[in-house]
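Given chain A's structure and the hints, the job is docking chain B onto it.
Protein chains: 2
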Amino acid sequence: MKVSVPKGTRDFSPAEMVKRNFIFKTIREVFEKYGFQPIETPAMEQLETLTGKYGEEGDKLIFKILNSGNYLEAAKVRKHVLKDIGENNFSKLDLVVGDYYPLGFVATPKELLNDISEKALRYDLTVPFARYVVQHQNEISFPFKRYQIQPVWRADKPQKGRYREFFQCDADVIGSDSLLNEVEIVQMIDEVMTKLKINVTIKINNRKLLQGIADYFKITNFTEFVTILDKADKMGVKFIKEELSAKNILHHPETEIFGTLFFEAEQKELKQAVEKNKLNLIRVWSEEVKSEAGMKGIEEMGTVFTLLRSCALQTAACDLDISLARGLNYYTGAIFEVKANGVEMGSICGGGRYDDLTGNFGLPNVSGVGISFGIDRIFDVMNELNLFESLGLPASTTKVMLAHFGATERKYCIGVAAQLRSAGINTEIYPDVTKKISKQFDYANKKQIPFVIVIGADEVNTGDLTLKDMNSGQQSKVKLNEIINLLK
Amino acid sequence: MKVSVPKGTRDFSPAEMVKRNFIFKTIREVFEKYGFQPIETPAMEQLETLTGKYGEEGDKLIFKILNSGNYLEAAKVRKHVLKDIGENNFSKLDLVVGDYYPLGFVATPKELLNDISEKALRYDLTVPFARYVVQHQNEISFPFKRYQIQPVWRADKPQKGRYREFFQCDADVIGSDSLLNEVEIVQMIDEVMTKLKINVTIKINNRKLLQGIADYFKITNFTEFVTILDKADKMGVKFIKEELSAKNILHHPETEIFGTLFFEAEQKELKQAVEKNKLNLIRVWSEEVKSEAGMKGIEEMGTVFTLLRSCALQTAACDLDISLARGLNYYTGAIFEVKANGVEMGSICGGGRYDDLTGNFGLPNVSGVGISFGIDRIFDVMNELNLFESLGLPASTTKVMLAHFGATERKYCIGVAAQLRSAGINTEIYPDVTKKISKQFDYANKKQIPFVIVIGADEVNTGDLTLKDMNSGQQSKVKLNEIINLLK
Chain A
1 MKVSVPKGTR
11 DFSPAEMVKR
21 NFIFKTIREV
31 FEKYGFQPIE
41 TPAMEQLETL
51 TGKYGEEGDK
61 LIFKILNSGN
71 YLEAAKVRKH
81 VLKDIGENNF
91 SKLDLVVGDY
101 YPLGFVATPK
111 ELLNDISEKA
121 LRYDLTVPFA
131 RYVVQHQNEI
141 SFPFKRYQIQ
151 PVWRADKPQK
161 GRYREFFQCD
171 ADVIGSDSLL
181 NEVEIVQMID
191 EVMTKLKINV
201 TIKINNRKLL
211 QGIADYFKIT
221 NFTEFVTILD
231 KADKMGVKFI
241 KEELSAKNIL
251 HHPETEIFGT
261 LFFEAEQKEL
271 KQAVEKNKLN
281 LIRVWSEEVK
291 SEAGMKGIEE
301 MGTVFTLLRS
311 CALQTAACDL
321 DISLARGLNY
331 YTGAIFEVKA
341 NGVEMGSICG
351 GGRYDDLTGN
361 FGLPNVSGVG
371 ISFGIDRIFD
381 VMNELNLFES
391 LGLPASTTKV
401 MLAHFGATER
411 KYCIGVAAQL
421 RSAGINTEIY
431 PDVTKKISKQ
441 FDYANKKQIP
451 FVIVIGADEV
461 NTGDLTLKDM
471 NSGQQSKVKL
481 NEIINLLK
Chain B
1 MKVSVPKGTR
11 DFSPAEMVKR
21 NFIFKTIREV
31 FEKYGFQPIE
41 TPAMEQLETL
51 TGKYGEEGDK
61 LIFKILNSGN
71 YLEAAKVRKH
81 VLKDIGENNF
91 SKLDLVVGDY
101 YPLGFVATPK
111 ELLNDISEKA
121 LRYDLTVPFA
131 RYVVQHQNEI
141 SFPFKRYQIQ
151 PVWRADKPQK
161 GRYREFFQCD
171 ADVIGSDSLL
181 NEVEIVQMID
191 EVMTKLKINV
201 TIKINNRKLL
211 QGIADYFKIT
221 NFTEFVTILD
231 KADKMGVKFI
241 KEELSAKNIL
251 HHPETEIFGT
261 LFFEAEQKEL
271 KQAVEKNKLN
281 LIRVWSEEVK
291 SEAGMKGIEE
301 MGTVFTLLRS
311 CALQTAACDL
321 DISLARGLNY
331 YTGAIFEVKA
341 NGVEMGSICG
351 GGRYDDLTGN
361 FGLPNVSGVG
371 ISFGIDRIFD
381 VMNELNLFES
391 LGLPASTTKV
401 MLAHFGATER
411 KYCIGVAAQL
421 RSAGINTEIY
431 PDVTKKISKQ
441 FDYANKKQIP
451 FVIVIGADEV
461 NTGDLTLKDM
471 NSGQQSKVKL
481 NEIINLLK
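As they're listed, the protein sequences go chains A and B.
Mapping to this note's numbering: the first sequence position 403 is 403, numbers consecutive.
Mapping to this note's numbering: the second sequence position 74 is 74, numbers consecutive.
Where hints are given, some of them may not hold.
Intra- or inter-copy, both count: the list cannot distinguish identical chains.
[Stated by the list, open to error] Here are the simulated EDC-like pairs of lysine to aspartate or glutamate, each with C-alpha atoms no more than 20 Å apart in a straight line:
hint, residue 1, residue 2
1, K399, E32
2, K157, D376
3, K19, D464
4, K446, E32
Source of the hints: derived by calculation from the structure; they are not laboratory data.
In isolation and in its complexed conformation, chain A is listed as follows:
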């Protein structure tokens, strides 16, 4: 018999958990340091809470849960009885329930789906958060700064860096349009990545700047414009240009400047001139066509960069990237994306400002901004760059194992362990009675426990314990209180 986990899901071993928990802890501590407070929501949401929020493609990737009980029984409540419809109309029926149901009730596939599933696994943490805010609006004091670290599920095709169950680590401020929030998000990214020793570039843009550009180039379908731009990373520049012109999105003669603004330079001098001050160029354009959005975007980014200059980032580079678009429709202001330098991996963190996330649930016009860390990709990046090793993370949560030569010695271990543990030292007694000390060492070695104390008759009599450092192989006779000082 072969046992397995469902496609796209994973088990995590103790060695992996030590690493993952380090990442979680780092992110959690930074979130709390900036005043974000934790919430949790159920894994299941009402199906209607989730559907229609992620676009048509997204809807298909939502994992639905079968109603409990004999879900087929639910079809019994259907009004249509087979005999009322008659066998002649059989071809018109989408789905016919025959003598399985004594009364022969009938349901269409859509009705059947409603009968069999009304709950689903959350697809992200953003929609459940919006639902939470609306549901608990009277208990919340706004601006509400929450963080949430929980798994999400997507029926995506599994591939490198893409899983069907993965964790999101989200922090959002809702009910505040202050740009200080954007600045603190950049600071948090910098702090998390510095602690994890990941060298990153934070790309920042603003949907309003894109709107200004769209206004200047007389692009009317903004959503499609953004959707196409968002594919640049995956599909390449050539595809994007063709797509923009094929879909009649770009009519303006100045395509050359447009291309240079977003992509690689075709004329070197032009590129240099544009790079020098993209914001100025967009300002000129926005003023020319009186684009309110464009002007507002310029102002917002000016404020963000001014505030950012007053708080030196530790290791991250933070660059304006006009070509950054982000796929989600709900973004309305600043947008962020973080890439690890020197690794081939999609973005490991992303987010942005939205003006109406809770509108769907009946609480319109509440502005917010948020960021989401992709723990699984961060884990992969850190493994690839051997960062866990350079952080000196212990391979095991256990600090010391007590080995013994027999039942009497093992009983003695209980008292020794109690003292070690009450000093906060994670201690394991080898549980079985066995004379084979090498077997016990082997066990400690495989579990990567860094220290072993050996208890024999001598040790029981004298209280001088034998301590072995499993890394260096060094062995010495030491009193318990010295061991405690050493290991604490």
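Quick look at chain B alone, frame taken from chain A:
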């Protein structure tokens, strides 16, 4: 529009999360202190991994997940075509798929269920753990001490203390039949409950003792005997006695002693005699009928209690309770159950030894023992007894908020916050620019942030900051480094 979460599931607010995280942290630290290492498994398991492991009743409570994609399409692969069966045989069909499918394929309800669901949400952590051990047996060095803290899902009828999504905190040792493991489990329970300030009684029994009793009373259906005993708490003693005699489980004339052994005394002197030494009584009985299981049970419990005496428990009482049965069939040795004293609440922790948990998955005869903490009931108990208050738990993860009188002052806050944060103090800057300082105080108050620093023009000029203790209402002018020392 009314938004809600699915029945039996809950949101957790920041204030609740602080409490819950304290419980999780306490349990996690104790597990690690005793050498247990963390693993995690996916929320979804293959349906076949779970079915048949929890009895017929349990199977019905497993939440199944609809296959992704257009699951109805899957029925298309079915071989049976409607026209081959013919309309005359219509009444024999369980389920007929009509012109919804162009080719008119047909499936029985069972086939349909297979087509639409092959994954399910985990029902407990024990079966996924058994699956994990078998799947990763070549990477594991036994005895394997793992802990696992994750949510589980059950389609149970929600009621007080019973949810459809709840967390389990499990620790198991597998691949060791040492009774030291039983002893350490009792120690861990004592340590967790002492840290949480919950006064508990740990009831301990051994399935082998029950087998000895069954042998003496010539009870042949042991499983049914245990199942009936397990209902004593819920159904009362009278019901149990009637049930035992109605099902012909108890024929022996000495029913009186039997009743006294398990339940309340009907003759006072007899009860006292029995209470005095239950183990001796069972030893005598077991010897009389030569019950191997009974004798082994006596020996095991003797060892456990001898070892337990050598490690003084901190606050928990640990009593032999012959009437403790536990419902699950896989237990074969020691069994545990923990009740909080002074509260009406089911057991908050339970576990036991099993000899063949992994046999289902092809790895037979591996003995193990484990314990599971019910975090949600522990949370309810602690709330009911106001234990969070007496533990002095902070209501908020944020320590201090910076209030300000305008944009210049807010900008000054960024530097102040950076210094507080780098000293490890969780700090929030009120994000919006507003002259209304009372609004900012109100916000800090509602979020139960214990300290507020007020930054006005004066503070920016002199560096003397105004610190307000939100609990006492006291306000004072202090330098930042003094504030850091005070709050650290």
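- request: Give me the numbers of the hints this structure contradicts, sorted from smallest to largest.
  value: Hint 3 is the one this structure does not satisfy, whereas the remaining hints hold.
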